[in-house]
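Student: In my numbering, the protein residues as written are 806 to 1411.
These aren't lab readings, by the way, just hints derived from the structure by calculation. There could be a bad hint or two in this list.
[To be verified] With a cut-off of at most 27 angstroms between alpha-carbon atoms, the simulated DSS-like pairs for lysine-lysine come out as follows:
1) Lys1231 with Lys1172
2) Lys1380 with Lys1107
3) Lys962 with Lys1004
4) Lys1302 with Lys1407
5) Lys1231 with Lys1380
6) Lys1107 with Lys1204
7) Lys1231 with Lys1302
8) Lys1380 with Lys1172
9) Lys962 with Lys1204
10) Lys1204 with Lys1302
11) Lys1407 with Lys1380
12) Lys1053 with Lys1004
13) Lys1204 with Lys1231
14) Lys1107 with Lys1172
These numbers come from a predicted model, not from an experiment.
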Amino acid sequence: MKRKLLPCGNGIKLGKRIRAIPQRYWYATLVSGQTKSRTEPASSFPRWQDVGIVALLFFIAAVRFVNLGYADLQPWDESLYAIRAETIIRFGDWIDQSAHSIGGLYSAVHPPLYLWLTAVAYRFLGISEFSARVVSALAGAFLVLIIYLFARYLYGKRAGVVAAALLGFQPMTLFWSRQGQFDMLLVLLMTLSVYLLAKSLERSSTLLTVASGVALGFALLTKLFVALIIPVSVLVALVGTTPINRRKMVAGMVTAVIVAVVIAAPWHIVMAQRHGEDVISFFFHHGALLERTFSGIEGNVKSLGWLYYVNQLAIGIPVAFTFGFYRLFRVIGELFQRHQTRSNGHPGEILLISWATVFFLVFTAMKTKLAVYTLPIAVPLIILGSKTLDDITNGSLRKSISASLLIATWWVVLWALSPEVREVAKSAPTFNVVFNSASGILTFLLLGFSGSVLLLFFPFVRPKRTLIFSTLGFGLIASACYAVTIGSRTWYDDGAKRAAELLDVNGASAIIAIGNDVNPQLTFYLRGADLGWRSHMKFIRLDPAQGVSRVRQRLQREFRNDIYWIILERDEIRKGLYSSEADAVPSGFMRIFESRGYSIYKFMQP
C-alpha cells in the first residue's frame, strides 16, 4: 500500500523535506543521537564549559583592578573630576559643583552621575587614587559581561568569549577602564541600551524597551550630548531593516527616548535655571558644542583629518581593527547585494554597523581631536570583529581571505608598536628625519614582510590556526598584565604625590607654585590648598606665561625666606615656554626634590 505523506509547513511534503536534507546531517543524527540544527551557531560550547567561560570572564574583568591605585592621577581631566567629586563630600554639592570646582562651570557643566558614584566610593573607601578610579573599573568590568552577552546573542558563545577578551585586554579599552573619567561608564550605558533595544525587537518586550531607555537616560546623565548619537544611529539603521523591524525599531526608540528624557531632563533643567538661562542655550554655550565642532576646543585640532580616528583605532585596538572593519564592510555589502533581502540582516548587527559608522562620521566631522572619542567607535567594532575571528577559527572563511586578514592585522599590530615609524609617517618626512629613524623603519619593514611571508605561504590548516590565535591571545594577556603591573607604576608617575607627601612631612605652611594657570593634579594631592580648603596653608601661584623674568625677580625680592617651599611645574619647560628651571628660580634656592613633572626648591640661608 502506498504510504501517505504528511503535509508540512508551506505545503511542503514531509518526504520531500527529508530527501532535501544533506547526507551529513543524517550521519550526525546517527552519531550524536540528534540532528544538528542548520542555524545553530558553529561556535556553540558544551554545557560543561560554561564554568570555564565564567572563570575566564571573571579574570578578564578583574585585570583592570590590579594596582588600580597607581600614582599619579593624570594632570587634567582625571584630576579635575576627582576634585569635583570631592566637593560633593566636602560641601554637599550633589546637584551643582560649580561654586567649588576648578574653573566653575568649565568643569561642572558635565552631568554628575559618575561623580555621584565616585562620591559614594569616597565615602566608603576614603579619598584616594583607587576610589577616584573604581567607578571606571567597575564599568569596564560590567562592559566585559555586556560585550560577551551581545556577541553571544548575535554570533554564539565562542564569539562572545573572543569579544570579551578583545575588549578586556586591548590597550585602549584597558586604559580607559583604569582612568577616573566619565567615558567608560558612558560607553557601558550606551552599549547596554543598544543591546536591550536589540533584544526587545526580537522578543517584542516593552520591559526591555523601557530598560533600554533607562540605560540611555543614565548615559545622558554621564556626559553631555554624546549619548544622543545613539537615537541617531537607530534612525540610520532603519535603512537596512525590514518594514516590520522598522516599525518595531521606531516604536522602541521613541519609547526609550521618552524614558531617557524623563530620567535626564530634571538635572539639566535645574542647572539651567540656577544659572539663569534656558536649557538649550545654557548647555550649548557652556558645553562649547560649537567650538568643539567647528574650531577645536583648547587647540586640539586633528592635523590628520579623518585619518586621525582611523589611526587611533589602529593603535588602540590593533587586534580587532582589521577584523572589525572587515565584518562592517562585509555586512554593508551584503545589504546592498541584489540577491540578498533585508530580512537576512540581523537587526542587532545592523544597529552595531550603524552605531560604529555614525559615531565615526560625527567625530570625524568635528574639528576637535580627543583620543577618548575613539572609545564609542571601538566597542561595536570589537563585537563585529569577534565574528570574523570566529569564522577564521572554525574555517568558514576562505583561506585566502583569512590569510589576508591575518597579514593586515600583523601590520596593524606592528604599526601600534612603532611610535617612531608613526611620527615619521605623520610629519612631512625629510631626509634627515628618515635617516635618524632608519633603524626603526627597517625593523618595522623587516618584521612586517617576514611575518607576511609566513602567513601567506605556509598552509593555513587547523594546527596553524590554533598556533596563531594562541599567540594572539598570549600577546594580549601578557601586554595587559605588563600594563597593569610594571607599566602603571612608571608610565604615569609625574611625582605629584611624592612632592605633596614631602611637603606634608616637613609641615610646609607656605607654598609658591610656579606654573601656568591651574593644575588639578596638584590641587588633588595638596588637598585643595590652592582653592583655600586648607586654611592654615598659604598658597601663591606665579605664572611664567606672564614673563619668566618677572617670576624670577619676584622670588628674589619677596620670597627669600626659608618658610617658603617653591614647587615648580616642569610642564611649561617641556612645552617650550622657557628653557630651564634656572630661568625662573634665582640663586640661593636649592633643589631638594626632582621628578618628571615637578621640582621643589627651598631657600637656604647663607
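Student: If a hint holds in the structure, say so; if it doesn't, say that too.
Tutor: A quick look at each hint next to the structure:
For the proposed pair lysine 1231 and lysine 1172, the alpha carbon gap of about 18 angstroms is at most 27 angstroms, so the pair holds. Between lysine 1380 and lysine 1107 the CA atoms are separated by roughly 19 angstroms; this keeps the pair inside 27 angstroms, and the hint holds. Restraint check for lysine 962 and lysine 1004: satisfied, since their Cα atoms lie roughly 16 angstroms apart, inside the 27 angstroms limit. Restraint check for lysine 1302 and lysine 1407: the C-alpha separation of about 18 angstroms stays at or below 27 angstroms, so the hint holds.
A distance of roughly 20 angstroms separates the Cα atoms of lysine 1231 and lysine 1380; the hinted pair therefore holds under the 27 angstroms criterion. Between lysine 1107 and lysine 1204 the CA atoms are separated by roughly 38 angstroms; this puts the pair beyond 27 angstroms, and the hint is violated. Restraint check for lysine 1231 and lysine 1302: the C-alpha separation of about 35 angstroms exceeds 27 angstroms, so the hint is violated. Restraint check for lysine 1380 and lysine 1172: satisfied, since their Cα atoms lie roughly 22 angstroms apart, inside the 27 angstroms limit.
Between lysine 962 and lysine 1204 the CA atoms are separated by roughly 23 angstroms; this keeps the pair inside 27 angstroms, and the hint holds. Restraint check: the Cα-Cα separation between lysine 1204 and lysine 1302 comes to about 54 angstroms, which exceeds 27 angstroms; the hinted pair is violated. With a CA separation close to 25 angstroms, the supplied pair lysine 1407 and lysine 1380 stays within the 27 angstroms bound. Distance restraint check for lysine 1053 and lysine 1004: the Cα-Cα separation of roughly 11 angstroms lies within the 27 angstroms cut-off, and the hinted pair is therefore satisfied.
The hinted pair formed by lysine 1204 and lysine 1231 fails the criterion: a straight-line CA distance of about 34 angstroms is larger than 27 angstroms. For the suggested pair lysine 1107 and lysine 1172, the alpha carbons sit about 6 angstroms apart, so the restraint of at most 27 angstroms is met.
When held up to the earlier numbered hints, the structure conflicts with 6, 7, 10, 13 and fits the remainder.
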